[in-house]
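Asker: Each chain, letter by letter, is given below.
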Amino acid sequence: MSETTGETGMRAWLLSASPQSVTQARCQRAYLGWLAFRTNPIAMTGLIIVVVLVLAAIFAPLITSGDGLTPALENRLQPASATNWFGTDQLGRDIYDRIVWGSRITLYIVALVSIIVVPIGLIIGTVAGYMGGWVDNVLMRLTDIFLAFPRLILALALVAALGPGLENAVLAIALTTWSPYARIARAEVLTIRKSEFIMAAEAQGASTVRILRKHVVPLCLASVIVRLTLDMAGIILTAAGLGFLGLGAQPPTPEWGAMIATGRPFLLDQWWVPTVPGIAIFVVSLGFCLLGDGLRDVLDPKSAGP
Amino acid sequence: MTTTAARRDTFALPRWIWTIGNTVLTLVLTFVGLTAVTFAIGRVMPADPVLAIIGDRASNEVYERVYLEMGLDRPIYEQYFRYLGELLSGDLGMSIMTARPVLTDIAIFFPATLELATIATLIGVFIGIPMGVLAAVNQGRWIDHVVRVFGLIGYSVPVFWLGMVGLLIFYGNLGWVGGPGRIEPYYDGIVDTVTGIILIDAAMADEWDVFWDAVSHLILPSAILGSFALAYIARMTRSFMLDQLSQEYVLTARVKGASELAVIWKHAFRNVLVQLITIIGLTYASLLEGSVLTETVFSWPGIGQYITTSLFNADMNAVLGGTIVVGACFIGINMLSDMLYKLVDPRARA
Amino acid sequence: MSALLTVEDLSVTFQTPRGPVHAVRGVSFELGRERLGIVGESGSGKSQTGRALLRLSANNAKVSAKRMEFDGADLLAISERQMRDIRGARISMIMQDPRYSLNPVITVGEQITEAYLIHASASRVEARDHALEMLRTVQIREPEKVFDLYPHQVSGGMGQRVMIAMMLIPEPDIIIADEPTSALDVTVQLQVLALLDDMVRERGMGLILISHDLNLVASFCDRVLVMYGGRVVEVLEAGQLASARHPYTRGLLNCLPELDRPQDVLPVLDRDPAWLD
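Going down the list, the protein sequences come from chains A, B and C. Per the working numbering: the first sequence = residues 35 to 340. Per the working numbering: the second sequence = residues 497 to 846. Per the working numbering: the third sequence = residues 27 to 303.
The set of hints was computed from the structure by calculation and includes no laboratory data. Please note: incorrect hints may appear among the correct ones.
Unchecked claim - Reference excerpt, derived from the structure (chain C facing chain B, CB under 8 Å, subset only): (1) Ser127; (2) Val131; (3) His178.
Where a beta carbon is used, it is the ideal one built from N, C-alpha and C, also for glycine.
Next comes chain A alone, as it looks inside the complex:
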């Protein structure tokens, strides 16, 4: 192939058959994964969508003309134009600006759910798998119970008790989302617990916590990341749904679900007001879906099924 001729220093280092250091080996793995990922157009579409979302969130102040919150009533319900790309809403705010600012909220939800769900799932799953016996039994029963909970309804009830708001919505989602991660982590632990490198670490006198943290957790991470990306669409949709019901982020926050709810009365005559945020939600969850599909093929080929 043509690659043999263009073998530059960096490439050679990344593809060398005998890596000299752990870092090099890791970089090689990532590089090979990336090579496989790159050839998958569906996965690349997903990655591009997610990257655009992140960039929009970071550079929101630079690419918008306002904060998306200040009403301009003289300019209300304008259709799309050169100045207002997606038109304006019932208070004359530019919908494009609001969508861009809203990407921050979406990312905030994504990040918040992740940092709650992943550690809880990992800790419960690895401890259960590693300790075995009654600890395993109790923790897995608990996981099963949470697995069997109705997510949206419970989120509704929780928000009812805690009061509407973005953080409470996220908390409610997280509470009903962590259990599959515990299952994944436990399954991974069970397969590697008996492997020789763990015994070697034990023989060297490494403590349980150290073994879990240094050896077991990193190995679960691939499947957890894949699952998390695939779950993200559902999480974003649930958050938007709570927003739509008025239980998530409160107006005037430009949360996309809430934007649909406030724009709903204008559907008939100014269709763009509730439609644009709907498309934004759709595109972003589709992006995470596609990315997750691609990541699974690269990182976790053995679970390529469901």
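Since the structure of chain A is already known, use the hints to place chains B and C on it.
Answerer: The following block gives chains B and C in isolation, referenced to the frame of chain A:
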């Protein structure tokens, strides 16, 4: 193998008793877990559970009375056991909004949800399974890509938004389907409520105008709710089918000279169906609770709308009662499909 | 003896992301109503040869041959429909492991009955009687009971008998047995093989026995093809193993321990890339 078999022998009980016993235990534990959470939401989390129920305009005497009635002066575990006892005797408290027992309300609202979720699941099953099989059989060809993309779209689209847009197009612009609600208001009260499921009630009363009107109202929300089921079922069917088609018994069937149709439907699909039972159960359960958003958009008088409306009226008993009933159905259906799976799969039966 | 099956210059190539893989390269042989053994290590292309004869190679395989004829029919040219009439009825195949090759959710009896009904116009009752008879023939003691069992409920040896019954019930002319006993316990291996041998002899079928075990194949077959790297490196009459000349065949023979001639160190197979040219 031999050691586990020997251990079972010492207990001298057939395996199915263990299986059922284990399922029942899980069921009970899960239900206890669910009630613990609703208890926590209702009695522990609110700053003042009494105010959460009677509202902040009640007089001091009412407050005192409710405080004692709720047993809030007792220790927390005692309160929980009392709560559990009330639940098991069917007492979910009174709704402030409707001034009826919550259980009565639920009996009124639940059939509408059941109807919606059932039709949506049927749409998912009868369209999603053939789609998934078709995609797997034609792996890598255009039809496979269409099904995959369709599946991903069904996964990613917000149903409440889709419902709104669908209502605008198919009801507002084209007039093909009925509008919000279960039937046109002028049909209200023609049919006596027997099962609460209008399609059945109307058919039993021989009121076919009402029946068809109900169908025209049901079709859009159930199609939209069903699109998620369809996407999920098609996707799972495809991946199960791909897995089965690569098994060696499929080759055996081909060696016998079986036609491609027989290979797919008689051999591979029978194995897929066994796995799909769990998936269909899961879908049905999640549609029962996931119909909340669809119900809101379509003004569908179901349990989801009941819960959300109660929520905005600070009617905590109604919210938690609805949560428990939906949760119990959710748990029950999942367990049932799990048991059904064990009954259908000859390997799990033994 | 007139040839039932003629194969000339058969090649099977797999298209993989890492480039083409040549599994079978230019294999030729003829088969009458006799017993032919194909021997080789895993990856030598022996199983792929068997599958190519039934046109059941994987989707990414390309099969080509100068000639591949069965009883006057060009196996590469006939339609898929005509091919289905040949599969099972005229050429059949017994697979390695009954745990995987029997459908787990269909009863043993129904699977045998199906094999019969695909090619015969008979009522279900007749087919059932026939299947029970066949189960008796493969020495299963309580055929009525076994008939209603699921594959996971029968032992490996019994599963393979079921497999034999299923593949022989339409009375094919040629049966391909792909490692029919290597998944079984050593104690039942010979029983199953002897049963297969008896039935093939009685019915005057042609047999292609695919195996990695040269001595086993030699004791059951009239002729042995030795394959290496997708090629036939040597053809031997069964009685003349000792006169094998090819170094690979000699290597296969020498690496077996013998009771009457103990060796301290078993030789390792030499492989010469030149054999592939």
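Asker: Decide, hint by hint, whether the structure agrees.
Answerer: Now for the hints, and whether the structure bears them out:
{"no.": "1", "hint": "Ser127", "in the structure": "holds (5 Å)"}
{"no.": "2", "hint": "Val131", "in the structure": "holds (5 Å)"}
{"no.": "3", "hint": "His178", "in the structure": "holds (5 Å)"}
Checked against the numbered hints above, the structure breaks none of them.
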